[in-house]
Amino acid sequence: MVKEIFFEVFPTLAENNFGWEKEQKDYDNWDSFAQLNLITFAEAKFSIEFSLEESIEIKSARELVERINSHLK
Amino acid sequence: MNLIDCLKNNAERNPTKIGFIDEERKLTFKEMYDEVQRFSKNISKHIVPTTKVVSLISENSTSFVIAYLGIINSGIAVHLTPTNISETSLVNQVESTGSKMIFCSEITEKLGIFHADGFVPFTPVPISKLAEMTARLVDNEEVQVQTPTDVAYLIYTSGTTGEPKGVPVSHDMVEFTTKNIIDVLGYSETDIDVIPLPLYHSFGLGCLHTSIFAGSTIVLLKNADNLENILESVKKYNATSLAAVPATLTKFLRLDRKILDNCLQGLRLIITNSTSIPKNTVKEIKDILKGGNLATYYGLTEASRSTFMIFNEDSNLHESVGKPAPGVNIKIDDEHKGESEFGEILVKGKNVIKQYWNNEKADKNMEDGWLRTGDVGYFDDDGYLFLKGRNDEVINIGGEKIVPQDIEQVVRQIPGVEDSAAFGIPHEVFGQTIKLVVKKAANSDLDKLVILTHCMNNLEKFKIPSKIEFVDSIPKNEYGKVKRSMLK
Numbered sequence: 001m002v003k004e005i006f007f008e009v010f011p012t013l014a015e016n017n018f019g020w021e022k023e024q025k026d027y028d029n030w031d032s033f034a035q036l037n038l039i040t041f042a043e044a045k046f047s048i049e050f051s052l053e054e055s056i057e058i059k060s061a062r063e064l065v066e067r068i069n070s071h072l073k
Numbered sequence: 001m002n003l004i005d006c007l008k009n010n011a012e013r014n015p016t017k018i019g020f021i022d023e024e025r026k027l028t029f030k031e032m033y034d035e036v037q038r039f040s041k042n043i044s045k046h047i048v049p050t051t052k053v054v055s056l057i058s059e060n061s062t063s064f065v066i067a068y069l070g071i072i073n074s075g076i077a078v079h080l081t082p083t084n085i086s087e088t089s090l091v092n093q094v095e096s097t098g099s100k101m102i103f104c105s106e107i108t109e110k111l112g113i114f115h116a117d118g119f120v121p122f123t124p125v126p127i128s129k130l131a132e133m134t135a136r137l138v139d140n141e142e143v144q145v146q147t148p149t150d151v152a153y154l155i156y157t158s159g160t161t162g163e164p165k166g167v168p169v170s171h172d173m174v175e176f177t178t179k180n181i182i183d184v185l186g187y188s189e190t191d192i193d194v195i196p197l198p199l200y201h202s203f204g205l206g207c208l209h210t211s212i213f214a215g216s217t218i219v220l221l222k223n224a225d226n227l228e229n230i231l232e233s234v235k236k237y238n239a240t241s242l243a244a245v246p247a248t249l250t251k252f253l254r255l256d257r258k259i260l261d262n263c264l265q266g267l268r269l270i271i272t273n274s275t276s277i278p279k280n281t282v283k284e285i286k287d288i289l290k291g292g293n294l295a296t297y298y299g300l301t302e303a304s305r306s307t308f309m310i311f312n313e314d315s316n317l318h319e320s321v322g323k324p325a326p327g328v329n330i331k332i333d334d335e336h337k338g339e340s341e342f343g344e345i346l347v348k349g350k351n352v353i354k355q356y357w358n359n360e361k362a363d364k365n366m367e368d369g370w371l372r373t374g375d376v377g378y379f380d381d382d383g384y385l386f387l388k389g390r391n392d393e394v395i396n397i398g399g400e401k402i403v404p405q406d407i408e409q410v411v412r413q414i415p416g417v418e419d420s421a422a423f424g425i426p427h428e429v430f431g432q433t434i435k436l437v438v439k440k441a442a443n444s445d446l447d448k449l450v451i452l453t454h455c456m457n458n459l460e461k462f463k464i465p466s467k468i469e470f471v472d473s474i475p476k477n478e479y480g481k482v483k484r485s486m487l488k
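Those protein sequence lines, which keep their order, are chains H and E.
Okay, so the first sequence: first residue is 1 according to the working numbering, each after it adds one.
Okay, so the second sequence: first residue is 1 according to the working numbering, each after it adds one.
For the record, the hints were derived by calculation from the structure and aren't laboratory data.
Certain hints may be false.
As the list claims (entries may be wrong) - List time: in silico DSS-like cross-link candidates among lysine-lysine, alpha-carbon distance up to 30 Å:
no., chain 1, residue 1, chain 2, residue 2
1, E, LYS448, H, LYS73
2, E, LYS481, H, LYS25
3, E, LYS435, H, LYS45
4, H, LYS59, E, LYS481
5, E, LYS364, E, LYS481
6, E, LYS481, H, LYS73
7, H, LYS45, E, LYS448
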């Protein structure tokens with residue numbers, strides 16, 4: 001489900017360019033607005049709410065999954 | 001020529017012509033002129049000579065017109081208040097104006113707003129009772145008339161946000177604006193104008209002024225939501241023009257097309273105002289009107305009818321409010337618009353107030369005759385003005401400026417969305433982000449992800465709402481504008 005969020009927010013992202021460990025700096029278009037969009041989609045999809053600190057710290061798909069899981073426990 | 005001069009002129013040229021119709025009676029120009037004179041004389045017997053302002057609170061009727069013109073004819077400014085005004089707002093406005101008398105209709109007298117403890121130090125006078133008293137007067141001596149720069153009427157306005165400000169409109173402003181309306185939209189004494197809009201607002205009041213200046217016949221209706229009555233009145237009186245807000249026109253289109261054709265085809269003009277009109281409404285109303293025109297304008301109480309737009313076949317212009325009215329200058333504040341294509345709209349001309357009513361803070365909106373409207377927009381290459389929203393509604397996300405309407409338009413395309421409103425909410429990093437409230441259509445199972453995905457596919461990424469909430473209703477004013485301040 002998190003992978004789907006990445007393809008929503010980065011519509012030009014090819015399947016083989018996605019990576020769980022791939023970091024923000026390795027994306028061409030993961031800027032602060034894309035970060036905001038990722039958080040928004042994740043909050044809507046999992047009915048959770050991130051703190052500002054959490055929102056800022058997420059730098060990869062893996063970290064997003066971990067943060068989501070911490071809210072779902 | 002002020003309103004009283006025009007009425008007198010109509011009474012002398014066409015004394016037996018029916019000039020004023022409401023849901024209970026008809027008055028000729030001569031009858032109206034005589035009623036106004038009697039009303040004025042009676043007021044002068046009941047108020048102190050230093051009175052500058054008298055208040056009027058009434059739904060649409062010929063009695064409203066008699067009282068309005070009668071007060072003006074006494075050399076006094078009319079303070080107009082909405083009939084749905086709260087007790088607190090009425091007290092505040094009356095204190096601010098220094099009004100010494102309130103005329104009310106029988107309906108507003110029963111609303112209970114005048115009966116609060118410590119209310120105004122005088123008793124509201126039902127218009128009808130003054131009329132009974134005036135009936136006993138027999139002399140025909142005319143009373144004083146105001147000078148052009150005197151205030152004709154005073155309306156309190158706050159748009160959709162902010163503190164109410166008194167807007168004093170002078171006789172020469174009324175004359176300038178009304179002549180522009182007549183010239184641009186082609187009103188004449190052969191017109192029969194149906195007005196379901198409240199006369200205590202600038203739009204409806206401007207229509208009354210137009211009928212008086214043009215010498216046409218005005219049909220006053222009390223209820224703008226009674227679509228059947230509006231259509232029946234247009235048909236019954238062989239009306240040539242109709243004034244209605246865009247929401248009314250859009251609601252018309254839900255009715256049977258044969259009824260609309262039957263009632264509206266004889267109109268030469270439908271005039272609406274500057275709340276955004278859906279493109280489809282423009283197209284369908286034009287189709288119904290056949291040879292008639294659909295027109296809109298942009299204006300504020302402070303700068304009435306600053307532009308006019310007569311819609312033609314060019315659908316690219318269906319969201320424009322047109323070009324500046326003759327003698328009116330409009331510019332976009334380039335200095336503060338930054339990288340965005342739009343900026344605040346500034347207006348200068350004889351339709352613009354010189355200052356607000358005893359309000360130095362609000363007077364800062366005026367700079368060298370230019371009124372800062374608080375609206376944002378832009379001109380296209382051909383000089384047509386397009387509105388984008390309110391300056392105080394612009395959402396600034398990390399330097400990117402967004403008008404809520406851009407988001408709302410896209411969201412309303414989603415099946416299952418009945419209505420939506422976007423606005424800025426504070427954010428520690430971006431300054432602001434966007435919150436969207438959505439009213440779902442009945443039985444819709446729409447969820448937030450569908451909305452986000454649609455936004456993602458149709459908007460720039462900085463315009464994607466960061467919060468979405470489903471609500472039962474979206475607060476709006478009577479012109480259909482979203483009251484965003486109530487959502488925040």
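How the hints compare with the structure:
no.: 1; hint: E:LYS448 with H:LYS73; result: holds (22 Å)
no.: 2; hint: E:LYS481 with H:LYS25; result: violated (43 Å)
no.: 3; hint: E:LYS435 with H:LYS45; result: holds (17 Å)
no.: 4; hint: H:LYS59 with E:LYS481; result: violated (41 Å)
no.: 5; hint: E:LYS364 with E:LYS481; result: holds (25 Å)
no.: 6; hint: E:LYS481 with H:LYS73; result: violated (43 Å)
no.: 7; hint: H:LYS45 with E:LYS448; result: holds (8 Å)
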